Amino acid sequence: MSKVRIAQLSCGPEYSGVQKEIDEAAAAVDAEIFFPDLKLADIRHSFDEFGLEVRSPDLKLAIARAKALVEGRVEADAVFIATCFRCAEAAIVRNELRRYIHEHSRLPVVSYSFTERTTAGTLLTRMEALTTIARRRALLAREVQQGLTMGVDSGSSTTKAVVMRDNEIIGTGWLPTTAVLQSADDAVAQALSAAGVNRDDLQAIGTTGYGRFLVGEHLKADLIQEELTVNSKGAVFLADTQRGPSTVIDIGGMDNKAISVQDGIPGTFTMGGICAGASGRFLEMTSKRLGVDITELGPLAMKGLSRNVPMNSYCIVFGTQSLVNALAAGSSPEDVAAAACHSVAEQVFEQQLQEVDIKDPVIMVGGTSLIQGLVRAMGDLLQTEIVVPHHSQYIGAVGSALLASGFIKGE
Amino acid sequence: MAKVFLYPTTSLILSDLVARFGHKPLSAALQIRERIQTAGLESPPLQITPEEPKKGLRWAAVEVPSGVRGRMSLYGPMIDEAEAAIIINNADYSFGCMGCARTNELIKYLVRKRGIPVLDLEYPQNEEEGVEFVAAIKRFLDTLVGGPQ
Chain C
1 MSKVRIAQLS
11 CGPEYSGVQK
21 EIDEAAAAVD
31 AEIFFPDLKL
41 ADIRHSFDEF
51 GLEVRSPDLK
61 LAIARAKALV
71 EGRVEADAVF
81 IATCFRCAEA
91 AIVRNELRRY
101 IHEHSRLPVV
111 SYSFTERTTA
121 GTLLTRMEAL
131 TTIARRRALL
141 AREVQQGLTM
151 GVDSGSSTTK
161 AVVMRDNEII
171 GTGWLPTTAV
181 LQSADDAVAQ
191 ALSAAGVNRD
201 DLQAIGTTGY
211 GRFLVGEHLK
221 ADLIQEELTV
231 NSKGAVFLAD
241 TQRGPSTVID
251 IGGMDNKAIS
261 VQDGIPGTFT
271 MGGICAGASG
281 RFLEMTSKRL
291 GVDITELGPL
301 AMKGLSRNVP
311 MNSYCIVFGT
321 QSLVNALAAG
331 SSPEDVAAAA
341 CHSVAEQVFE
351 QQLQEVDIKD
361 PVIMVGGTSL
371 IQGLVRAMGD
381 LLQTEIVVPH
391 HSQYIGAVGS
401 ALLASGFIKG
411 E
Chain E
1 MAKVFLYPTT
11 SLILSDLVAR
21 FGHKPLSAAL
31 QIRERIQTAG
41 LESPPLQITP
51 EEPKKGLRWA
61 AVEVPSGVRG
71 RMSLYGPMID
81 EAEAAIIINN
91 ADYSFGCMGC
101 ARTNELIKYL
111 VRKRGIPVLD
121 LEYPQNEEEG
131 VEFVAAIKRF
141 LDTLVGGPQ
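Protein chains in written order, with this note's numbering: chain C, 1 to 411; chain E, 1 to 149.
Treat the hints loosely; a few may be bogus.
[Stated by the list, open to error] Computed cross-link-like contacts, EDC-like style, restricted to lysine to aspartate or glutamate with a CA-CA straight-line distance of at most 16 Å: (1) C:20 / E:34; (2) C:39 / E:92; (3) E:113 / E:83; (4) E:3 / E:81; (5) C:39 / E:83; (6) C:220 / C:240; (7) E:3 / E:83; (8) C:288 / C:334; (9) C:20 / C:32.
[To be verified] Covered by chain E, per the in silico footprint, the following chain C stretches (three or more residues, Cβ under 8 Å): (10) 5–13; (11) 105–117; (12) 121–127; (13) 324–336.
Since the hints were derived computationally from the structure, they do not count as laboratory data. Small disclaimer: the values here were computed from a predicted structure and weren't measured. A virtual CB, placed ideally from N, CA and C, is assigned to each residue, including glycine.
Please model the entire structure based on the sequences and the hints provided.
Okay, structure coming up:
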């Protein structure tokens, strides 16, 4: 299998000491990073043509390289855009290049802002998604699940398993992730029992999520694939929007994903990255403080008004402080629940959704999509009707089971 | 012989001029080639580790991007050591180039703040300006301690 060639457009990684990490992350998924070869003389010309007046020569170089890729003067399988975190000039270029490449080519592209602390591990899932899109387009184009397959999503908060037969979900399992393998075994047992089938009957198995490699090896999975491409597939399958554009938002326990999808395949995506005040974890804490089960938080929030309580923090500690202050000042649990949902939606909207092109239908998935107050808040912010498909909390497992059917013998 | 800080620090021509006129150039000997096949225009040949941006905290605060701090870990000590400086503004990339505009602003400011003799020149656009450019550099270097008086 030939290596996937990822073109790097960047400013600052060598002087930040992270170029090695980028190279390592690419090598771990059998890809190679390369720098599109340009003539010094071409930089000014391409940069002038693009029309974005930046001052940093390395950003001008990145712009010239993006034009060379889009115009086909340099060939690549995918594009990785990376600039220093906290550089405003670079942030503008990063976003505009991502948009430019997405609109003018079919190249999968991911952008990232690094610090000197960025590690290969942090970049791995993003690199893996880039290579999956480049390498497995045929598999990702699969729209129908066939045979008897199982998907397991070993997430940071919960482990999910789904058994599918001939395009139907026939069994599910869902429980909190504790010991990774034990949780996977238990979720699998639940799903198999609900489906009324034996493990030996399964024709193929797929795994995704943080624990995908460990669980995949344990279950002898046919497909081990990162959650960006798998969740996209699961989302458009469950929402029945396999063709055309869509946007997938997954607010997880540890990170959030926003994916701009075309025909079930991610075009651009972000994976945060941002603090816990913008994660499902904050909603868990809110429900605990309000003394309600997480499943009751959504209906509670639907009865409240978020604008009655000031709450807007990336940080889970400051967010909790706002929550405690509001309750001490006599705010109702309903308003506090609504404010917590709005706060999480707002952080995701401000931090991540600006980095992908939002196109209807917007599909919310993952466990947090069952919290109606959060879905309403996101819909208000995006000024659109959010789609939450049935079984949305099983999105990764469904996507895995669907894609795994491509590995059934004879397929 | 005076220690002369150069901007752009990657300029081999400037570095050579300073050495020819009897002083010690403080610069990064990075060649800017006709074809760019590295991450940036002046990608360092040496392996910079995540420790360098931390060392750069001496010249730029933690909220300053890591790429700026990483560069400052190299150029900051040179500025501290310099007894004079030559700054060439709006230089052609082939003359010498530094990839990050924010670092460039900080470097020029720190050089000027040192209170050492500084020669500020515009990059020449034609042969006549080129001759005057070299002459101006020679005149400046001649005035420095240890230079040919």
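Structure-based check of each hint:
Between residue 20 of chain C and residue 34 of chain E, the direct Cα distance comes to roughly 25 Å. Violation of the 16 Å bound is thereby established for this hinted pair. The straight-line distance between the Cα atoms of residue 39 of chain C and residue 92 of chain E is roughly 14 Å, inside the 16 Å bound, and the hint therefore holds. Taking the CA atoms of residue 113 of chain E and residue 83 of chain E, the gap is near 12 Å; set against the 16 Å cutoff, the hint holds. A threshold of 16 Å between alpha carbons decides the hint, and for residue 3 of chain E with residue 81 of chain E the separation of about 7 Å falls inside it, so the pair holds.
A C-alpha spacing of about 36 Å is found between residue 39 of chain C and residue 83 of chain E, which places the hinted pair above 16 Å, so the restraint is violated. Our distance criterion of 16 Å between C-alpha atoms is broken by residue 220 of chain C and residue 240 of chain C, whose separation comes to about 30 Å. Of the supplied pair hints, the one linking residue 3 of chain E and residue 83 of chain E holds, its CA atoms being roughly 5 Å apart against a limit of 16 Å. Proposed proximity of residue 288 of chain C and residue 334 of chain C is supported: the alpha carbons are some 14 Å apart, at most 16 Å.
Restraint check for residue 20 of chain C and residue 32 of chain C: the C-alpha separation of about 12 Å stays at or below 16 Å, so the hint holds. Here's how the segment 5–13 of chain C fares: 5 of its residues keep a CB closer than 8 Å to some CB of chain E, so the rule of at least three is met and the hint holds. Only residues whose beta carbon comes within less than 8 Å of a beta carbon in chain E count, and the segment 105–117 of chain C has 4; three or more means the coverage holds. For the segment 121–127 of chain C, the stated coverage by chain E is violated: 0 residues have a C-beta nearer than 8 Å to a C-beta of that chain, whereas at least 3 were required.
Judged by the Cβ-Cβ criterion of 8 Å, the segment 324–336 of chain C is not covered by chain E as claimed, because only 0 of its residues qualify and three are needed.
Checked against the numbered hints given earlier, this structure breaks hints 1, 5, 6, 12, 13; the rest are met.
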